[in-house]
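Trainee: Please put together the full structure from these sequences, using the hints given.
Numbering (the UniProt record's numbering), first residue to last: 1 to 162.
Careful, some of the hints might be misleading.
[Stated by the list, open to error] Computed Cβ-Cβ distance ranges for the label pairs, DEER-style: (1) E80 / E3: 27 to 35 angstroms; (2) R13 / D41: 23 to 31 angstroms; (3) L117 / G8: 34 to 42 angstroms; (4) K97 / G51: 18 to 26 angstroms; (5) R119 / K93: 36 to 44 angstroms; (6) S95 / D152: 18 to 26 angstroms.
[Stated by the list, open to error] Keeping only pairs whose Cα atoms sit at most 27 angstroms apart, straight-line, the calculated DSS-like set for lysine-lysine is: (7) K156 / K124; (8) K20 / K65; (9) K97 / K65; (10) K65 / K54; (11) K54 / K124; (12) K54 / K97; (13) K97 / K20; (14) K97 / K156; (15) K20 / K93; (16) K124 / K20; (17) K151 / K65; (18) K151 / K93.
Keep in mind the hints are simulated off the structure, nothing from the lab. Please read these numbers as outputs of a predicted model, since none were measured by experiment. We put the CB at the ideal spot given by N, CA and C, even for glycine.
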Amino acid sequence: MHEIRYVGDPVLRTPAEPVKDFDRELRRLIDEMFSVMYAADGVGLAGPQIGVPKRLFVYDISNRKGHVINPELTIDDAEEVVEEEGCLSIPGKQSGKPLYAPTARAAGATIRGLDRLGRPVQVKARGMLARCFQHEFDHLDGTLYVDRLAKDERRKILLQAP
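Mentor: Okay, structure coming up:
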């Protein structure tokens, strides 16, 4: 079973590679990603977060569950919404739970990509689901939510992380 990687692990800062093989191993990986995400009480999980530098993520939020492989993100509504955001890869040293900070994201986004069988998927989202898509997509480019924070806030969060 893969384990969640924490801030400081180079895989979290390395852009992920496109998925090329849509095989049994990929389907097993997606199932495992859901298991890891649920075990950690998360709502989204990207490949790099478990040490797999591939462009895919899973999500289960706002009564919507799915996965996207080789995603492309389009911002549909650029209005900035600031809400608390955390990450399974940035837990507190003491609590082991994600550290949260007010983070700006676009109000609406559409994710396009492929499913586990290589079929096209497209999901239009607003609210927390749009935030989740943007957060997980960032992981695929080596970006963490703390990179979107002001320097002082980022430092405060990172000092509390392992």
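Trainee: Please go over all the hints and tell whether each is borne out by the structure.
Mentor: Verification of the hints:
1. E80 / E3: 27 to 35 angstroms: 34 angstroms, holds
2. R13 / D41: 23 to 31 angstroms: Since the Cβ atoms of R13 and D41 sit about 24 angstroms apart, the hinted range of 23 to 31 angstroms holds.
3. L117 / G8: 34 to 42 angstroms: 35 angstroms, holds
4. K97 / G51: 18 to 26 angstroms: 21 angstroms, holds
5. R119 / K93: 36 to 44 angstroms: Between R119 and K93, where Cβ atoms are some 42 angstroms apart, the hint holds.
6. S95 / D152: 18 to 26 angstroms: 21 angstroms, holds
7. K156 / K124: 34 angstroms, violated
8. K20 / K65: 23 angstroms, holds
9. K97 / K65: Holds. K97 to K65 sits at ~22 angstroms (cutoff 27 angstroms).
10. K65 / K54: Holds, at about 20 angstroms.
11. K54 / K124: 23 angstroms, holds
12. K54 / K97: 25 angstroms, holds
13. K97 / K20: At roughly 34 angstroms apart (the allowed maximum being 27 angstroms), K20 and K97 break the hint.
14. K97 / K156: 16 angstroms, holds
15. K20 / K93: 37 angstroms, violated
16. K124 / K20: 25 angstroms, holds
17. K151 / K65: Outside the cut-off at roughly 34 angstroms; violated.
18. K151 / K93: Given that 27 angstroms is the threshold and the Cα spacing comes to 20 angstroms, the pair holds.
When each numbered hint is compared with the structure, violations occur for hints 7, 13, 15 and 17.
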